[in-house]
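Student: Here is what each chain is made of, one letter per residue.
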Amino acid sequence: MGVALRPDALAIDGILPRDVVRATSEGEVVDAIRGANERGEAIVVSGGATRLGVGEPPARYDVGLDLSALSGIVEYEPDDLVATVRAGTTLAELSGALAAHGQRWPIEPGLPERATVGGTLASAAGGPSRLRYFHPRDWVIGARAVLGDGTAVRSGGRVVKNVTGYDLTRFWSGTFGTLAAIVELTLKLTAIPERTVSLLAEVDVPAAFAAANDLHASGLPLDALAIVTGEAVEAVGARGDAALVVRLTGPAAAVRRLGRDVRERVRCRDVSNDTWDRVAALPLESKWTARLAWPASGRPDIEFAGYGAVIYPGDSTAYLLRSIDRATFRSVRASLEAAGGIAVLERASADYKRDAGGAWGTPRVPLGIARALKERFDPRGVLAPGRMPA
Amino acid sequence: MWEYDAGFDRRPPTAVALPGTADEVAAVVRAARDAGASIVPRGAGTGLSGGTIACADAIVVSTARLRRIVSIDRVARVAVVEPGVPNLAVTAAARDVGLFFAPDPASQRISTIGGNVATNAGGPHALRYGSMTNHVLGVELVLPTGERVQFGGEVADLPGYDCVPFIVGSEGTVGIVTKVWLRLLPLPEDVRTFVAVFADIEHGARAASAIIASGVVPAAMEMLDQVTIGALNAAFDVHLPADAGSLLLVEVEGLREETEDWTTTIDRILRRSGATDVRSAETVAERELLWKARKLGYAALARIRPNNYLHDAVVPRTKVPEVLRAVNAIAERYGYVIANMFHIGDGNLHPVLLFDARTQPVERVMEASAEILKIAIDAGGALSGEHGIGLEKNHFMFWVFGPEDLDAQRRAREAFDPQATMNPGKIFPGGDACADIPTERTKRALAEGMWV
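Taken in sequence, the protein lines are chains A and B. Residue numbers for the first sequence follow my numbering, beginning at 1 and rising by one. Residue numbers for the second sequence follow my numbering, beginning at 1001 and rising by one.
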């Protein structure tokens, strides 16, 4: 069961919806979206509301369409390594059902008690699992979604390999509920590894990057790799300027061997695997969060020492956790964009977003195509108008 | 050669353009637009679903001359290549820096990255690593307007709608790819390849399902039936057990400790599932020969009958044994020799019906194949795993999708190509753009007639 949300939990940048609809079926989602079309209202779709503020504040926000009660497993065939779930199913509920069969959906968006499967795909959530399992969209194979005009559609299927028509399932990824409300997903699963071990090294920032680069370059199959800096170090139960955290998984003998290989490169100690829940949660709990990403050859010239951040060096991504002044942010963004990177404000006030030049920075999609997609899937502009570049 | 691919249909294009740069591709597209002509993009022409047949008096635009590997970045693990680069050339270039490119369609020596993008190509190792969609990070695309634009790239989750997973598998219907950003992976430390011998297909199929169900997903797992084994032994020096009813070709990759562990688990399941023997490839040469035989195996089948026809429907993996039984029963009922050599690990069937087009009508083979598709769909499967829909299966699309589902796909297409000038007549059912292709009427009648 999803955690019941109070209406103010659906506030976006301080704006509350006039009305909240808590849908429990696809039919109710269809009704809500059709109703919004008839009344000319704007709807913002939410799951666990862990990433509800990502994007520009919606131009209008009449109805909060809460899908957290649209939850539960629809069909699960462990022997196929495939499960179909309702979009509002939380990652924790999903893990519980799959663990009974020694399986999991290997995506780690953070705050699993709240984060939903649908929201994870719709918001292209990042996290520690990106290193080995890449993108949430790589682990979805089918979907049901309700388009902006209220049409319910199906895409993909229940098979792990498929080129039967266009792949709308993966296309919904990162559309933040602006083209369709995802109501059901079919997931590709994997077995829970026999052994999982987490290691942590308390080092200074340059040493953390040096060790991370060395580990990445080794080609060793690490399961996760993060650097935590500044005040965030304490939040993961460590001390000092920076903590390098490594996760190793696999058959017991392989994990032992990987542990030896890692310790040869950097001095570290064993820590609880729960450390990763903290790492993944930090960007979702911070009052202000910016996601930076850059081409591997061009790490930004940022002094992380003494500054709170979660960095995924293997993915060339960092989440800054402490607000910087708007002018500084603009210059960080400008230098990143000039080098092919990005700086996205994931959590910031509407004022900050505006003064910093917008939540997204320079759109990197041809706007003519973005507008054409929006017009065709959401012709009356009811789904979170203005949230995404279009 | 511009009028056909590896399927049956052929139709001469109005003209063929062979641009050498992305700018030239854009110029050709603008010229075609100004002349009111539609366009069919083409790679190496190894497609199996008629995706490159020029319907509606289209111009064929080949990307075969755009064959530069722009960069291989060891640290970022990204290759940037032009669409005419053959698949295998990417891995060959990446190997020097300890990396590889995972999608490995059987056609990989010839087929191009552009074509692989268009069909969301897979190959045996898609079992562990996924298909093209899981390895394409970005594309540069010439839109039907002639505009050159980029979607995605090395950096993930750029601001804006990420159209990359939609463009991959769109079969040339939304633009022409002129550059691709590909994910590379570290070469595994250890690879183990083995062949399990079974008395019949049934036992082999059940063993494959049991391996997947155990959660140990091999890098690749292929089934070869008795007809295939005979053809491969005749064509290659592989010495596969000629009396086997079926073989599973299994490969695991990873750290030595991982491959050791997985091999033990898989070996136990294979023997428990009735494998009469499990033989390991002892050397790299032996392994490469096995894969060469597998990948060139379809050509070897020509020794049995000159022509073949295959679909690549996919079914849930637990359904493979029962679907295979039904598929073989169909072939028997129609009196065709059938060869099954396919990606059993991900349920991706490749039932090859062998025939002689000089004496046996193609229409009848198509009918038998449509029955096979029907069995797969009824089992909860999909029409194609890696070959694409193209012209071959477009009329069967309504077996899988309702009108609203297809309309949603059309909306996405229209955002890119409102005039439907890119590769007309493909993927979507019911259109008339390819109506003068001789087999078109047969396929359409089968799709409509068999749907109850």
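What the hints contain is simulated information worked out from the structure, not anything from laboratory work. Take these hints with a grain of salt, some might be off.
[What the hints assert, rightly or not] Keeping only pairs whose Cα atoms sit at most 30 Å apart, straight-line, the calculated DSS-like set for lysine-lysine is:
#1 1374/B / 188/A
#2 1374/B / 1295/B
#3 1295/B / 287/A
#4 287/A / 353/A
Student: Could you run down the list of hints and mark each one as holding or not?
Tutor: Against the structure, the hints come out as follows:
About 24 Å separates the Cα atoms of residue 1374/B and residue 188/A, which keeps this hinted pair within 30 Å; it holds. Simply put, residue 1374/B and residue 1295/B have alpha-carbon atoms about 27 Å apart, close enough for the 30 Å limit, and the pair holds. Distance hint between residue 1295/B and residue 287/A is unfulfilled; the C-alpha atoms sit about 55 Å from each other, more than 30 Å. Between residue 287/A and residue 353/A the CA atoms are separated by roughly 13 Å; this keeps the pair inside 30 Å, and the hint holds.
Of the numbered hints stated above, the single one contradicted by the structure is hint 3.
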